[in-house]
Amino acid sequence: MLAYALRRIVLGLLTVLLVSAMIFFAVEALPGDACTAVLQRDAHGQRLENCRREMGLDRPAVARYLDWIGGAIRGDLDASAGSGKPITELVGARLANTLLLAGLSMAVGVPLALLLGVVTALARDRAADLALSTAAILAMTIPEFVTATLLIFTFSVWLGWVPGIVLASADAPVSALFPTIWLPVAVLTMVMTAHILRTVRSSMIDVMEGEFVQMARLKGVPAWRVVWRHALPSALLPAINVVALTVAWLLGGVVVVEKVFNYPGLGRFMVDSITERDLPVVQGLALVVASAYVGVNLAADLLALLLDPRLRTARLRA
Amino acid sequence: MKALLRRPSGAIGLALVALHVAIALAAPWIVPHDARAISAALMFSPPDAAHWLGTDHLGRDILTRTMLGGRQALLVTAIATPLAVAWGGMLGMYLGLAGGRRDDVAMRLVDALLSLPWILKMLLMIVTFGAAPQVLVPVLAFFYGVPVIRIARAATQGVVARDYVLAARARGHGRLSIILREVLPNVRDALMVEGAMRWSWMLLAFSSLSFLGFGVAPPTPDWGLMIADSRSFLAIAPWAALAPVAALSSLIIGINLTADALAKALGLDRAHSAPQ
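Residue numbers (the numbering used here), protein chains in the order written: chain A, 10 to 327; chain B, 2 to 277.
Incorrect hints may have been included.
[What the hints assert, rightly or not] DEER-style ranges, computed between Cβ atoms:
(1) B:Ala12 to A:Glu220: 29 to 39 Å
(2) B:Ala99 to A:Phe187: 45 to 55 Å
(3) A:Arg62 to B:Pro139: 46 to 56 Å
(4) B:Ala99 to A:Glu218: 33 to 43 Å
(5) A:Arg16 to B:Ala19: 40 to 50 Å
(6) B:Ala12 to A:Met224: 36 to 46 Å
(7) A:Glu220 to B:Leu76: 32 to 42 Å
[Said to hold, decoys possible] Below, in silico cross-link-like pairs of lysine to aspartate or glutamate (EDC-like), each with a Cα-Cα straight-line distance of 20 Å or less:
(8) B:Lys122 to A:Asp281
(9) A:Lys94 to A:Asp281
(10) B:Lys265 to A:Asp138
(11) B:Lys265 to A:Asp215
(12) B:Lys265 to A:Asp134
(13) B:Lys122 to A:Glu37
(14) A:Lys228 to A:Glu218
(15) B:Lys265 to A:Asp76
(16) B:Lys265 to B:Asp190
(17) A:Lys94 to A:Asp215
(18) B:Lys122 to A:Glu285
(19) A:Lys94 to A:Asp76
[To be verified] Cβ-to-Cβ under 8 Å is the rule here; a few derived chain A residues that face chain B:
(20) Ala35
(21) Pro40
(22) Val251
(23) Lys268
(24) Met279
(25) Val298
Simulated from the structure, these hints should not be mistaken for lab results.
Using N, Cα and C, we set each Cβ at its ideal position, and we do this for glycine too.
Start from the sequences, fold in the hints, and give me the full structure.
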């Protein structure tokens, strides 16, 4: 089991390394570089050459990649071509905001999804299940910017309860974000609850038909205890992976929601850096987000291994 | 097909998709107004007899623009989806069958590609090559084919040790022949459901890009763009947002209901999905 865990960790590191090379050389292949971004219209002739020499851009790409990845491991991602500030500082402030948004959404969404997943599984094919399952399909398929627009229309334009967009800047204190964070949290919660709910429902239905649940019932264990103590823990295992993918999505993929609500997180920063062609920032951000994705998935696999004794031997043989 | 239509979700889903395709095909001949006709006098006029769904901030007819607004999205994604399923499916089946070192290397690359958010990959391509349909089709087909590799590979691994595959190998059939004659019939169901899902994700990506201002260029009518435009005027002209919102949502819901019913009719479980 330890060997398997180690193998997974090494493979995860390998994937991150592969992504880093992929990002670096893909961005490298794009027209323009840090110097053309800094100099803009003056980017030609002697000035461009001087700048490239100063920034070390005249060296071979492979040497610069090794420098870059070496710096990244030490926690230094160069400076932004646009503002000149260290990228780690720029990313750090926005990562904190994104983590706040993701954390709040998870705190609301995960318990809600578990509860509704169990409810729909127990009420399988009855009215409550049909209503909730249909609502889940709607919530997970309607584009986020559509949900966001409808929520803004309802709660800020029509009812006037909350502001429709966030006005705080990236380095504003958390308290400045709070009054406006609830609509983005609501949009994200709806999407993720729908996905997790469906997973829990489907595995709960499987588990409830299992022999050990039948056994517990025949023994005379109270119904609520069968559900919460016997069935749910087993039904949660398949949900771990979906929760992990959801966390990864919350950390890197909620660009549209951040953009709609003007929320100062990683996603909006990503879009802005790409449009401004701040390539060092794009590379750094991509590395951070990809590492988060790999890390979260790795954690989910190891957690599943820890919680499910069957996997310990099964995976070793595979 | 019959099993699909017998489920209410399948029938409703297919009807929605068919309606959208029919409107998209017929729209140029049946729209009531000129989609680009700007009129200061008609700015923000609420729904009435002449303009059933009202007009937008430039006085353009919203019914007309909504009917035309899905054409680009449907055209691009309808070409890109089969391409994505074809290349992802073929490569996935090949890897599932071949195994070994090649499979290991390819799956690391797949993992690496999947670890980057879709918007980053799409935007990097778009700022470099533009957002014309001839760029978006191959770009979408490539990136949305990557997850298909995983599905096809996993489904192939389920049948690769079966007797009929071993028999075909023993008969001396080549890999391509085994893929097409032995593996594909077993993987087809999973690929069909996956294709429907990819289609809806692509539509989502396409309209999100338009909404963010990176996709379809104005004044071409497009749902994502119409929703973005109308957002500033939600308080005075909510109808301008609601029509494209309803159109886009109903199409994506239609595809998902169909995929769901298809998966159930084929006995596949596609509940374990994560947001993308």
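Looking back at the hints listed earlier, which ones does the structure fail to meet? When the structure is compared with the hints, numbers 3, 7, 15, 17 turn out to be violated.
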